[in-house]
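Both chains are given apart, each in its own frame, so use the hints to dock them into the complex.
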Amino acid sequence: MFDLKKHVKARSIDEAIALLIENPGARLIAGGTDILIKLRHGKQGFSELVDIHDLPQLRFIKLDENNDILIGSGAVFNDIIESGIIQTHIPMLKDAAQSVGGPQIRNVATIGGNICNGVTSADSASSLFALDAVLEIRGRKTKRNIPVSDFYFGPGRVDLKKGEILTNIRISQKNYKGSSGFYYKYAMRNAMDIATIGCAVSLKTKNHVLEDYRIAFGVAGPVPMRCKITEETMRNKKVSRKLLQDISQAVEKDVNPRTSWRATKEFRMNIIKELCVRATKEALKRAGEEI
Amino acid sequence: MTIKGFRQITFSINSKERTLVIDMRQSLLEVLREELGLKSVKEGCGVGECGACSVLVDDVLVDSCIYLAIWADGRKIRTVEGEARNGKLSMVQQAYVDEGAVQCGFCTPGFIMATTSFKEKCHGKKVSHDEIRKAHAGNLCRCTGYQNILKAVEKSIES
Chain F
1 MFDLKKHVKA RSIDEAIALL IENPGARLIA GGTDILIKLR HGKQGFSELV DIHDLPQLRF
61 IKLDENNDIL IGSGAVFNDI IESGIIQTHI PMLKDAAQSV GGPQIRNVAT IGGNICNGVT
121 SADSASSLFA LDAVLEIRGR KTKRNIPVSD FYFGPGRVDL KKGEILTNIR ISQKNYKGSS
181 GFYYKYAMRN AMDIATIGCA VSLKTKNHVL EDYRIAFGVA GPVPMRCKIT EETMRNKKVS
241 RKLLQDISQA VEKDVNPRTS WRATKEFRMN IIKELCVRAT KEALKRAGEE I
Chain D
1 MTIKGFRQIT FSINSKERTL VIDMRQSLLE VLREELGLKS VKEGCGVGEC GACSVLVDDV
61 LVDSCIYLAI WADGRKIRTV EGEARNGKLS MVQQAYVDEG AVQCGFCTPG FIMATTSFKE
121 KCHGKKVSHD EIRKAHAGNL CRCTGYQNIL KAVEKSIES
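In order, the protein sequences belong to chains F and D.
Sequential numbering from 1 applies to the first sequence in our numbering.
Sequential numbering from 1 applies to the second sequence in our numbering.
In short, the hints are calculated from the structure, not lab data.
Each hint should be verified, as a subset may be incorrect.
In the DSSO-like style, the derived pairs of lysine-lysine whose C-alpha atoms are separated by at most 30 angstroms in a straight line are [said to hold, decoys possible]:
no. : chain 1 : residue 1 : chain 2 : residue 2
1   : D       : Lys-88    : D       : Lys-125
2   : F       : Lys-242   : F       : Lys-177
3   : D       : Lys-134   : F       : Lys-9
4   : D       : Lys-125   : F       : Lys-62
5   : F       : Lys-273   : F       : Lys-242
6   : D       : Lys-134   : F       : Lys-273
7   : F       : Lys-6     : D       : Lys-76
8   : F       : Lys-43    : D       : Lys-39
9   : F       : Lys-94    : F       : Lys-228
10  : F       : Lys-228   : F       : Lys-174
11  : D       : Lys-39    : F       : Lys-38
12  : D       : Lys-121   : D       : Lys-134
13  : D       : Lys-76    : F       : Lys-5
14  : D       : Lys-39    : F       : Lys-6
15  : F       : Lys-38    : D       : Lys-42
16  : D       : Lys-126   : F       : Lys-94
17  : D       : Lys-134   : F       : Lys-38
18  : F       : Lys-38    : D       : Lys-76
19  : D       : Lys-88    : D       : Lys-134
20  : F       : Lys-6     : D       : Lys-42
21  : D       : Lys-76    : D       : Lys-121
22  : F       : Lys-174   : F       : Lys-143
23  : D       : Lys-4     : F       : Lys-43
24  : F       : Lys-94    : D       : Lys-121
25  : D       : Lys-16    : D       : Lys-88
26  : D       : Lys-134   : F       : Lys-94
27  : F       : Lys-265   : F       : Lys-253
28  : F       : Lys-206   : F       : Lys-237
29  : F       : Lys-62    : D       : Lys-121
30  : D       : Lys-134   : F       : Lys-281
31  : D       : Lys-134   : F       : Lys-285
32  : F       : Lys-285   : D       : Lys-125
Just chain D, same shape as in the assembly (with noise of 0.2 angstroms):
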């Protein structure tokens, strides 16, 4: 039995099963940062409008701060921190770095999260620019460095 108005939910984040017990009015931002210390989640605008907050659930790109806590049971949320492999930085990471695509870095995580469902949804063919935009479009960048990240994702889808 759980208190009323708290829930418990089981997820997956970054491979590691998680058990919490939440309150309900909680999003899935908060317990992010607040319950596991996952503080590569930005709250930029919690009105779904910059991305800087965006994971993915199910391998699909969503504003954290406007998605409720209690709805990640059962599913599998990634986040920046889980992209490394054995020390080794994912290929989208690698190539935000390569290419210097991070300025003050706040939408920087947001911005590695929608490349990361953008490449594993491009299987590798070739896009334009326009594609690129378009993809990221739920992503705002202030220090407007865009320039740069669309290199990073050009990088990161041809490799």
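Only chain F is shown next, with the shape it has when bound in the complex (with noise of 0.2 angstroms):
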């Protein structure tokens, strides 16, 4: 039996924040992999719940008139996986939604969750991050465009204000038209493990040369994170042997691991130093290149 105290079932988008307005003690439960363990750890502030498992109105995955990808954030990691549009725009995104937990899991947590949450260990999280994904949040009468890479405050806090959904995220077709790129996870085990660290590479390469580079990491500080200072010194580079070296080099000023019980700090940019290597290799050849 879970420690609840309220629940409230929201029909609508515009329910939900009705009622989150309504009860301001409540949070919003989706796929519920994360609010049902903490409950059940009997972990405080989870008692009240809006609830938006399988809403309908935020479970989809399309194209606009503008050729942008929309998720909406009650899809499902398996929707993700399923996708046709996202195996053939993202398969990045793919890679990351089959490395999440398990099956069952997979069946039931939202990708909307796996941001919202805050964790930097999300695996969705640095793949949208290297796609310059875009979320949209709407409140009672408001609706805002937030960068993800904007949206993290800190460990588990998050830029949403009392009242707001995060309802779906774009990624427009300039950040993925041409682009070529692959997620790479490092855990203890290959399947129902939290990341040790989590590689995002997209890139583009015209006569073998880097057009447009870009690396995101889970786990490599307090919130997820873009390398921008490798990212730059990358671009217009030749592709060969020598450049991997060069990015496994360049990351370690980009990025900030600690230690936990999970892993070392140390342990951690080994791994990070061998990621960024494998991660662009892959989406190397996914480019066509050969390296």
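In structure tokens, the structure reads:
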């Protein structure tokens, strides 16, 4: 039995916003794979819930008139894995979705929940960072768009005000068209584990030169992050083995891993320096480059 | 009218329609075991890691320990109790028997539901060992009898 004091079901986005305003102490619950575990462990602050589980208005993956990809915050990881749009245009996000938990978790856990709980290890976050995804957040009579990179304030803290709800994630055409990407997760087990480090690389090449290079990490700092110094240094560089070594050296200055019971700072740094090479190599392969 | 904190839900359980008044705090696992006596649904870890509580909700595999029972309203639930037809085991169940894929048996109902969902998704197409492993990665067997489980899954996909 979960220690719930109040539970109200929202039948639409507007109703969810109204219920959040009406119940200032309440949290949103969607897939429940985080919140129900927290409740079971007796964690405070989750005893009042506004329920958006399986709300059809939030569960979609589509292309809009500008060919931007829109992912509803209620899309579960299995929706992302099976989506033709994702498979064709952003296979990196499919890699990320496939690396989450196990089949049972992927059938109920949502991408919106993965982002909104604000953890650095969220498998979908680094790919969304690399894709410059934009989050649409709705409140009562308000609607704002915010880049995912500005959404995180700190561990577990995100830019959601009272009565606000993340409705969808937009990946604009310019950020995915012609790009190849790869997400590499390092964890102690191949399934049912939290990333020790996650690395997403998205790149464009022209005449064997890196036209665009983006690299993002999960667990390399308190929140997911992009490596801006590395990215700027690598742009317009020729694809070569030397390039991979340079990336591996450069990322060290961008990241800020810490020691936890899962891994030490030093071990994480080692993994970071290796994963950036592997993820870049795989992304280059998808771009048709030989290395 | 229902008492505060209680909700009425109607759902199909192993092809039978049921209406129950349940405590909103209950997990689907608790309702299946305690209200309906479906003891095949096991609580292992209770936090969605071991898969012993796996059931199908609208033919989708979920961990019933981290699934609110009120979410079952209007849905179709399947547990291993409902898989046999006219006293005959399902192909998946039979394959587990034939391959001796059961040791202590605690994880078996959850595994069988995972295989059932996998088989229905495969539509008879050939699958690799790797795909089988990935599709069962959310189920743990603490007796570590994975080899025979793997064989049983292979057999049930072929049949």
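Inset, instruction - List in ascending order the numbers of the hints, as given earlier, that are violated by the structure. - result: 3
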